[in-house]
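Protein chains in written order, with my numbering: chain W, 4 to 124; chain P, 146 to 510.
These aren't lab readings, by the way, just hints derived from the structure by calculation. All of these numbers come straight from a predicted model, not from anything done at the bench. Note that the Cβ used here is the ideal one computed from N, Cα and C, for glycine as well. There may be inaccurate statements among the hints.
[Stated by the list, open to error] With the Cβ distance kept under 7 Å, some of the chain P side facing chain W (calculated, not the full set):
| # | residue |
| --- | --- |
| 1 | Leu180 |
| 2 | Gly181 |
| 3 | Gly367 |
| 4 | Ser371 |
| 5 | Ala436 |
| 6 | Pro437 |
| 7 | Phe460 |
| 8 | Val464 |
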Amino acid sequence: MTTRYTEDHEWISLNGDIATIGITAYAAGQLGDVVFVELPDVGKSLKKGDEFAVVESVKAASEVYAPVDGDIVEINDALENEPAKVNEDPAGDGWFVKIKVSDTSQLDGLMDEAAYKDHTA
Amino acid sequence: MTGTLFKTPLHALHVELGGKMVPFAGYDMPVQYPLGIMGEHKHTREKAGLFDVSHMGQARYIGDEAALEALLTADLSAISAGEQKYTLLLNETGGIRDDLMVSRPDGEGIFLVVNAATKDNDFALIENATKGKGTLTRIEDRALLALQGPAAKDVMERLCPDACKMVFMQCGAFTLDGAQVLISRSGYTGEDGFEISIPEDDAERIARLLLDQPEVEAIGLGARDSLRLEAGLCLYGHDMDETRTPVEASLIWALSKTRRERGDFPGADVIAAQIDAKTCQKRIGLTLTGAPAREGAEIASKDGTVIGIVTSGGFGPTVNGPVAMGYIDRDFMQPGTEVDILVRGKPRAAKVVKMPFVTANFYRG
Numbered sequence: 004m005t006t007r008y009t010e011d012h013e014w015i016s017l018n019g020d021i022a023t024i025g026i027t028a029y030a031a032g033q034l035g036d037v038v039f040v041e042l043p044d045v046g047k048s049l050k051k052g053d054e055f056a057v058v059e060s061v062k063a064a065s066e067v068y069a070p071v072d073g074d075i076v077e078i079n080d081a082l083e084n085e086p087a088k089v090n091e092d093p094a095g096d097g098w099f100v101k102i103k104v105s106d107t108s109q110l111d112g113l114m115d116e117a118a119y120k121d122h123t124a
Numbered sequence: 146m147t148g149t150l151f152k153t154p155l156h157a158l159h160v161e162l163g164g165k166m167v168p169f170a171g172y173d174m175p176v177q178y179p180l181g182i183m184g185e186h187k188h189t190r191e192k193a194g195l196f197d198v199s200h201m202g203q204a205r206y207i208g209d210e211a212a213l214e215a216l217l218t219a220d221l222s223a224i225s226a227g228e229q230k231y232t233l234l235l236n237e238t239g240g241i242r243d244d245l246m247v248s249r250p251d252g253e254g255i256f257l258v259v260n261a262a263t264k265d266n267d268f269a270l271i272e273n274a275t276k277g278k279g280t281l282t283r284i285e286d287r288a289l290l291a292l293q294g295p296a297a298k299d300v301m302e303r304l305c306p307d308a309c310k311m312v313f314m315q316c317g318a319f320t321l322d323g324a325q326v327l328i329s330r331s332g333y334t335g336e337d338g339f340e341i342s343i344p345e346d347d348a349e350r351i352a353r354l355l356l357d358q359p360e361v362e363a364i365g366l367g368a369r370d371s372l373r374l375e376a377g378l379c380l381y382g383h384d385m386d387e388t389r390t391p392v393e394a395s396l397i398w399a400l401s402k403t404r405r406e407r408g409d410f411p412g413a414d415v416i417a418a419q420i421d422a423k424t425c426q427k428r429i430g431l432t433l434t435g436a437p438a439r440e441g442a443e444i445a446s447k448d449g450t451v452i453g454i455v456t457s458g459g460f461g462p463t464v465n466g467p468v469a470m471g472y473i474d475r476d477f478m479q480p481g482t483e484v485d486i487l488v489r490g491k492p493r494a495a496k497v498v499k500m501p502f503v504t505a506n507f508y509r510g
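Take these sequences, add in the hints, and give me the full structure.
Printed below as a string of C-alpha cells:
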C-alpha cells in the first residue's frame, strides 16, 4: 500500500486500483474542531484538482481536492454523525472517500511522507 | 496592501500562550489558543474566559454633550454616573456607521468604546462634529480586557470585590491589583462578565493575574465570534453597516425613547418612515441542520425565491449545531417560518428563530 500527500494536505493511500483519500493530521490540526463534512455522491467522476468535499470547522469552510483522477466508489457515511473523527483519527477512521483510480501512475507526482514532512515543516 | 500590524500590550503574552496570530482590523491578534475554538467557547459558557479586546477604540468626550448626542441614538442626559448604554452612530440616511458603548464610569465626561475597524472614522467624525463644543481624547495607552462567563464574578470577588456590586450595564472606576482601572459589567458573549480598561503598563501583569485564577482560560477571536453569534449580537461590518438602518437591523431598542420622540438623530425621517411602513427587511436568527451556513449564503423561500441573505453564520458549540443570522423579507420574519439556505448552491432546510440562540445570563441583581 502506497501513501502519498498533496500540497493541499490531502493524503491518498492506494491498494490495487482503489485509493482511500482523507486530509492529513496537519490539515485537521490547522482547521481545528471539524463540525461538518460534505461528501460527494458515489459514482461521481473526479479529475485531479477537482473540489470533491468540504470540511467545516467552527470558524470556516475548506475545500478538499482530488489528488488524482478517479470515480468515487465509497464515501465515509460515519462522518455525517461524527465529523470529529477527522480530528481524532485523520489517517484512519476519519477518511473521506474511496475512489477507483484511473491512472495509478498519477500518484508518482505526489509527495511521499518525508517530502510532505518537509512541506509542512 | 502591506504594512505593519499593530500589536496590543498583550501581544507577547498571546504568543507565549501559543496563540495562533492572525491579522484583524489592522492588529495582530490571537484567533485561538491551543485549547481551540470549540474548547474556548465551551469554557467561557461554563467557567470564565479572558479576551484581549485592546484593539477596540477607547476615548473620552468632555464638553457640550448635545453635540455628541446629535450623532448617536442615545439620550446622554439619561445616562447617570455609573451607567453604560449601547448606542449607534448613524449617517444622514439612518445607516449604521458603528455600534458602541457610552458610559460615565467617573466624573470625567463620557467614556466611549467603539469597534477597531471603524475607530479612526468614528473619532474623526466626532471630532469634526463637536469642534469648538467639546473635546474627544483618544485613549491610546490603555488595554481593554473582557472577563466573561458564569465564574467571572467569582474571580472578581477575589480580586476586585467592589466591582461585583455592579449589575449588568453599570460601570465605575476601581483599583485592581494596584492599577487604576475602569470596569463595566458587560460583554459580547451573552454571559455575565466584566470589561476592564487598564493602563498599558499594568495590562500584562493583570492579564497574567486573571489567567492564574483556576476558572480562567485565554480566549481568542474565533470563540469570541461564535459566542457573540449564539448570543444574537451583531458584528459590525457583517450584520450591519451603513446600508442598514436600526429598523432593518432589529435594533430599534437602541433608539432611546426621548430621541425617537424628538426625532433629532441622523436619518430620523428615514427611520420613522420605515417603522411606519413595516415593509423593510429585518435581521433575524436562523437554525439549520447539517452544513453551517456562512456569511453571504442566500436565504430562499420554499418555492426557491431568494428572500434574504446570511450575514453571520457558523457552528454554535453550545447550541451544538449550525446557527446564522441574516436579513429576510418581512413576510418571512416570524419565528417558526421554514425557509431554505443555499449552502454551496444546495438548499438546506432552515427555520427562523428568536434570538439569542442561548439564554442570556446577564447579572441584573
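Here is what the structure says about each hint:
no.	hint	result
1	Leu180	violated, 10 Å
2	Gly181	holds, 5 Å
3	Gly367	holds, 5 Å
4	Ser371	holds, 6 Å
5	Ala436	holds, 5 Å
6	Pro437	holds, 5 Å
7	Phe460	holds, 4 Å
8	Val464	violated, 11 Å
In summary, the numbered hints that this structure violates are 1 and 8.
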